[in-house]
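Enquirer: So the chains spell out like this:
There are 2 protein chains.
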Amino acid sequence: MVPHLVTTLTGPINELEQRILESMPAIERWFRLEWMEHTPPFYSDVTVRNAAYKLAPVSTGLYPDGFNHLIPTMLPLAVQAAMAAIEKICPEAKNLLLLAGPNTQDSGYLTNLQRLVLIFSQAGLNVRLGSLDPTLLQPTEVTLPDGSQLTLEPLLRTPRRLGLKDFDPCTILVNHPLSEGTPSVLENLHEQYLLPPLHAGQSRRRLSQHWQNYEEVAKKFAKLLGMDPWLINPMHALCADVDWQPGAGREGLHTQVDALLGKIRRKHKEYGINDKPFVVLKADLGSDDFGVLTVRDVKDLEAALAPLVAATAPGAAPIDVIIQEGIPTCEQLHRAPAEPVVTMIDRYVVGGVYRTHAQRAMDESLTVAGAEHVPLGFDESHQLPKPGARPGASAPNRFYMVGVIARLAMLAAAYELEATDPDAEVYD
Amino acid sequence: MVPHLVTTLTGPINELEQRILESMPAIERWFRLEWMEHTPPFYSDVTVRNAAYKLAPVSTGLYPDGFNHLIPTMLPLAVQAAMAAIEKICPEAKNLLLLAGPNTQDSGYLTNLQRLVLIFSQAGLNVRLGSLDPTLLQPTEVTLPDGSQLTLEPLLRTPRRLGLKDFDPCTILVNHPLSEGTPSVLENLHEQYLLPPLHAGQSRRRLSQHWQNYEEVAKKFAKLLGMDPWLINPMHALCADVDWQPGAGREGLHTQVDALLGKIRRKHKEYGINDKPFVVLKADLGSDDFGVLTVRDVKDLEAALAPLVAATAPGAAPIDVIIQEGIPTCEQLHRAPAEPVVTMIDRYVVGGVYRTHAQRAMDESLTVAGAEHVPLGFDESHQLPKPGARPGASAPNRFYMVGVIARLAMLAAAYELEATDPDAEVYD
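Keeping their order, the protein sequence lines are chains A and B. Under the working numbering, the first residue of the first sequence is numbered 20, with each subsequent residue one higher. Under the working numbering, the first residue of the second sequence is numbered 20, with each subsequent residue one higher.
So here's chain A without its partners, still in its complex pose (with noise of 0.2 Å):
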């Protein structure tokens, strides 16, 4: 079943598939020619948009915990694809901890872990539970929604080495954002495998980075099937030290959103698009988040500015603010909107489900509480497109287009871990 496009089928992403499935031993060809080059993020999830004018992703998260809404049937692709990754990054693993986030309250996240549990002992590694909840002092176990119990353990941290009590790991492999910092207890681990590392960690990301590596993939990849980027591209601009204080002058602000809602006024004119254009705020730094903000006119930016200018405490810092072209989605699923959202595990698809939210609209985020997630469509073939079938309708085909922007996203992701690594050497 494919989500119900509210708009016609006879649009750009039509098109957008036909070229796509036209060109996939060429495209399956050009990633592994990539991965020759770039090292992909040990996993990922992004959030791709289909606004039937352009198909393009809209946030890529390399800590992916939607393991719970993988229907079992795809598990054995993320087996198959765990295997892969660690016989690179570690054949001779045999310990992996598995670290855990402070949310154990939530069943789903609980879900998430067994199953991540399960691919990394199937995959042929021993794997027990670690719990980054500092309050956490004795093993725990909780109870699944299925009656099985998974046991999460207090941390044993060394001068050099984490661990468990009598279980020392190679590996570690964080499935929790981090997006409130970095814990001291992974900090300086120079003798273990840290996934992924902690450059990754949501704090310290800025979305910059990642969309301006996207901005470089998509043109690669426009290029490459001959078509313009914006197609799959979200435009973006980045507006340094945003002075949230009250009667604080925010005029560089105000010509970048100007700027950008011009920019996609003159795209969808050139391409016949009738929807309004806007454009969402986000803060760059993971650190400095404040959520998602839409705005459709440069006259309206104050007033959805004004909340969080009221929040802001006197003398705060000015924060970099990225401003990017809004994706509206034009899927539904029980006439709620609807987005899909790939897991990939290196760089393999293992993975999707719709994420939709019945109290929300199509030009807004869905990524808040009350969201409900729906394994679908990619049960069956996701990476076994149908050549020859009608664009738009098809499932596997629409699925694989899906996919492959995913994968654009997160080698997006590659080229920005590579970019942000502390750790890199500098080749001048």
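In case anyone wonders, no lab produced these hints; they're calculated from the structure. Watch out, some of these pointers could steer you wrong.
Since the list can't tell identical chains apart, any single copy or any two copies may satisfy a pair.
Claimed, not checked - In the EDC-like style, the derived pairs of lysine to aspartate or glutamate whose C-alpha atoms are separated by at most 16 Å in a straight line are: (1) K242 - D440; (2) K107 - E56; (3) K113 - E53; (4) K184 - E34; (5) K239 - E53.
Mind docking chain B on chain A? Use the hints.
Expert: Here is chain B on its own, set in the frame of chain A:
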């Protein structure tokens, strides 16, 4: 659905299943370490037999042609495995020439080819089909049962390369066992990747080499699990220079058949097995193939050989014969004996089917005309055993065990291809 086991479910196989499940991470790690030292065959299929008291491979093919039997939901696994294999062997690969055997009247084989084209296209290669049939002189369209078409093209050989008209492949994948010898078009191709290599050809392989390597692998694996390797290893003996001429002395063969029957009898006594032992005789070298002869008592040996002896031309050279412990199959589908056949690409299990034959007995080979194939059980999660399920009661657990044994045989084939590689560098 697990095929029905004729015998009791409380035999050594269930202990084996339990031990294999408990040792899953150790087993997978062991394989991973083996793959650091050895290169898996590009693809393979292994027939495994479950005798209730032992579970062992009985044949290891290096030109799997049963991709038509795989259920479509398993194909993404094959694509992912193909991606990993290609990336390792030749990441820049662009054009793949898939070489079909001459048996293109067989609609099952054509569907197998169609599946291979799909898998490798999806893995990022431009795939075209060449025919090993030297009488095919023009591109020929053949129609598949589903109404789609495949084009078989005549080969174009230049002094150094093999290709098709307007198609110069960097990689050539043979999908025909080359039982009749090596086609001259495949000789001396030093600039292209030929997969599998020529010394994997059926006519050139020696069963004794394979089974000696398998014994070595089985011993290593049994040591890892702390068990008797006999539980997974069919014993064998090699009898060199057997003369098929009428009246020739075949005392050596008699002695060895009797000795192997005695060894099996002792093992049966050790395990309290009531089955009557039998051995099978096969030509050691593929090009000497005379089928499979079953012998239950050395007194019956000459009678079993009679048709072969009668058919031997005067002056025919003696050949090497391998004598193997016969493994009956205790699995049944619709009251016909059944045996699982596991298909692998690179190191990964990508699917499996049951071969059944209504006209054959449980101690006879099922690989004869009239065999049927039932894609089964492997559909869901052969890679995802369910720890905790009662031994013998869980299809995923049964199939995981079968997949492990099949991979041991595939690993033995890796050893074999290294040992028989004519271009191998020798370090002494």
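Enquirer: Each hint: holds or not?
Expert: Going through the hints against the structure:
no.	hint	verdict
1	K242 - D440	neither (28 Å within a copy, 43 Å between copies)
2	K107 - E56	both (14 Å within a copy, 14 Å between copies)
3	K113 - E53	between (29 Å within a copy, 14 Å between copies)
4	K184 - E34	neither (57 Å within a copy, 31 Å between copies)
5	K239 - E53	within (11 Å within a copy, 38 Å between copies)
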